[in-house]
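Colleague: Work out the full structure: start from the sequences and follow the hints.
Here are the chains, one letter per residue:
Protein chains: 2
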Amino acid sequence: MLASAPAADPTSDAFNNDCPGRTVISHIASRWGILVLAALRDGPLRFSAIRDRIDGISEKMLAQNLRLMVRDGLVDRAVEPTAPPQVSYALTPLGDELTVPLQGMLDWVALRAHDIVAAQDRYDRSHPAG
Amino acid sequence: MLASAPAADPTSDAFNNDCPGRTVISHIASRWGILVLAALRDGPLRFSAIRDRIDGISEKMLAQNLRLMVRDGLVDRAVEPTAPPQVSYALTPLGDELTVPLQGMLDWVALRAHDIVAAQDRYDRSHPAG
Numbered sequence: 001m002l003a004s005a006p007a008a009d010p011t012s013d014a015f016n017n018d019c020p021g022r023t024v025i026s027h028i029a030s031r032w033g034i035l036v037l038a039a040l041r042d043g044p045l046r047f048s049a050i051r052d053r054i055d056g057i058s059e060k061m062l063a064q065n066l067r068l069m070v071r072d073g074l075v076d077r078a079v080e081p082t083a084p085p086q087v088s089y090a091l092t093p094l095g096d097e098l099t100v101p102l103q104g105m106l107d108w109v110a111l112r113a114h115d116i117v118a119a120q121d122r123y124d125r126s127h128p129a130g
Numbered sequence: 001m002l003a004s005a006p007a008a009d010p011t012s013d014a015f016n017n018d019c020p021g022r023t024v025i026s027h028i029a030s031r032w033g034i035l036v037l038a039a040l041r042d043g044p045l046r047f048s049a050i051r052d053r054i055d056g057i058s059e060k061m062l063a064q065n066l067r068l069m070v071r072d073g074l075v076d077r078a079v080e081p082t083a084p085p086q087v088s089y090a091l092t093p094l095g096d097e098l099t100v101p102l103q104g105m106l107d108w109v110a111l112r113a114h115d116i117v118a119a120q121d122r123y124d125r126s127h128p129a130g
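Chains W and R are the protein sequences, given in the same order.
Under the UniProt record's numbering, residues 1 to 130 are what the first sequence spells out, in order.
Under the UniProt record's numbering, residues 1 to 130 are what the second sequence spells out, in order.
Derived from the structure by calculation, the hints contain no laboratory data.
Ideal placement from N, C-alpha and C gives every residue a C-beta, glycine not left out.
All clues given are correct.
Covered by chain W, per the in silico footprint, the following chain R stretches (three or more residues, Cβ under 8 Å):
#1 66–76
#2 92–101
#3 114–120
Using C-beta positions, here's what the derived DEER-type ranges look like:
#4 R:VAL87 to W:ASP115: 20 to 30 Å
#5 R:PHE47 to W:THR82: 52 to 62 Å
#6 R:ALA83 to W:ASP52: 55 to 65 Å
#7 R:GLN64 to W:ARG122: 16 to 26 Å
#8 W:ASP52 to R:SER126: 27 to 37 Å
#9 W:ARG41 to R:ASP115: 18 to 28 Å
#10 R:ASP52 to W:SER58: 34 to 44 Å
#11 R:ASP42 to W:ARG67: 35 to 45 Å
Modeller: And the structure:
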């Protein structure tokens, strides 16, 4: 899908607007989408537990991201028969599979975060605001 | 950085709002950020060539994404001494390194795009609008 020549099959060419992979990328490849998948990696969690795990996420953003990922078949929503009923979320086998390449990207970010912050500092010193 | 217990060092815990990795994730993990990095994977390109490669990106979004990635140290901006001067963009060694885990994620999306579209169809049939 990343061949430098445009692929014949638009469904496998992420550069093409009509590629279904584009939609998927836009759901996964959001700051919150990645963190929601990562939060569920170790097992099912209730809505409130995901919210508490991800510093700074609003309930609205979390609900929106979960809905998209349930629709994509990456996350399962289950209503527990408790009183009051509790809603919990878990990765599907498809979502679980995605955590493997996702982890590769997060590991890289963790490894290089300091290099990137240093680059940002250099940039900001050579591009003063105003 | 994805251990289930909060990490002691906030700089390596993506769940923490103060983690520098969070900022990096928000630059890379955007639909356009991923596609810009992927477009540059095979070599330097001029602004107009990147725009043409990525179906549907606006010049404004492309300029914004490139500026963030230059600041992050992932992309180099070079002014070619032609008349008129041309601006070209290339991955830095750091940006090039990132394309490895990124490719893993894009390969997965290409492999599973049809499963995800099928899940979306199932969801939409069982959640009719209105």
